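Could you build all of it, start to finish, from the sequences and the hints given here?
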Amino acid sequence: ALMARVLKVTRAGYYVWRSRRGVRQERNGRRFSFDMSVVWFFNQYDQTHGAPRLTAVLARNGIHVDKKTVAASLRRQGLRAVSSRMFRHPRSKDVKECVYEDSCNRQWDKGSLDKVWITDFTYLRSGQGWVYLVAVRDAHTKRVIGYAMGVSQVTGLVRQALNMAYACRGRKPAGLVLHADRGCQFTSRELGEYAKKAGLTLSMGRTGV
1 ALMARVLKVT RAGYYVWRSR RGVRQERNGR RFSFDMSVVW FFNQYDQTHG
51 APRLTAVLAR NGIHVDKKTV AASLRRQGLR AVSSRMFRHP RSKDVKECVY
101 EDSCNRQWDK GSLDKVWITD FTYLRSGQGW VYLVAVRDAH TKRVIGYAMG
151 VSQVTGLVRQ ALNMAYACRG RKPAGLVLHA DRGCQFTSRE LGEYAKKAGL
201 TLSMGRTGV
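Sequential numbering from 1 applies to the sequence shown in the UniProt record's numbering.
In case anyone wonders, no lab produced these hints; they're calculated from the structure.
It is possible that part of the hints are untrue.
Listed next, with one range per pair, are the computed distances between beta-carbon atoms [claimed, not checked]:
no. : residue 1 : residue 2 : range
1   : S103      : G156      : 23 to 29 Å
2   : R27       : G62       : 17 to 23 Å
3   : Q107      : K172      : 39 to 45 Å
4   : R76       : S152      : 22 to 28 Å
Computed from a prediction, not measured in an experiment: that's the story for all the values here.
Don't be surprised by glycine CBs; every beta carbon is placed ideally from N, CA and C.
Spelled out as structure tokens, the structure:
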């Protein structure tokens, strides 16, 4: 009632406006999550897949949309497929500190939310050069729930992405497994300490998760 008076609208009109605003926010959140999934798979295939092949890849991973929806996402993000690989991941000279047991054995989906999260680095072309993206996906839905971007592959980006994922969920799920590859960002002592404080169990597979 107070907000309705302040805005000089009827109470009914105010509640309609607030309801529509909530719907828009939810829709934008879904679009953002979908766009992050498109970026993830676009780079997993070395930026060689356009909308038709990405649509098939998404479907195999439980995200069922049509080709036009994928094409629109690619346009929004300025992504275009290339004919051959134009970028190579730099090899890190850092010594791996902690390699954890693979507790998933490629069986990541445990049948419900927040049992296993998967994280990995990928990359994007930008006007200033290459930008790294680390994303966190729920293994059950395949949806991106947290991400961070930077100009270098550092463990701090992993922490930022996990913090966003926790904020998305509104809690730190108990018994959660975080699965990654054996990149130095994931084997670092820094991430090990973060995981211990957060109650995360780290799981590691071969390169590429």
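**Message:** Hint by hint, where does the structure go against what was stated? Just the numbers, ascending.
**Reply:** As far as the earlier hints go, only 3 is violated by this structure.
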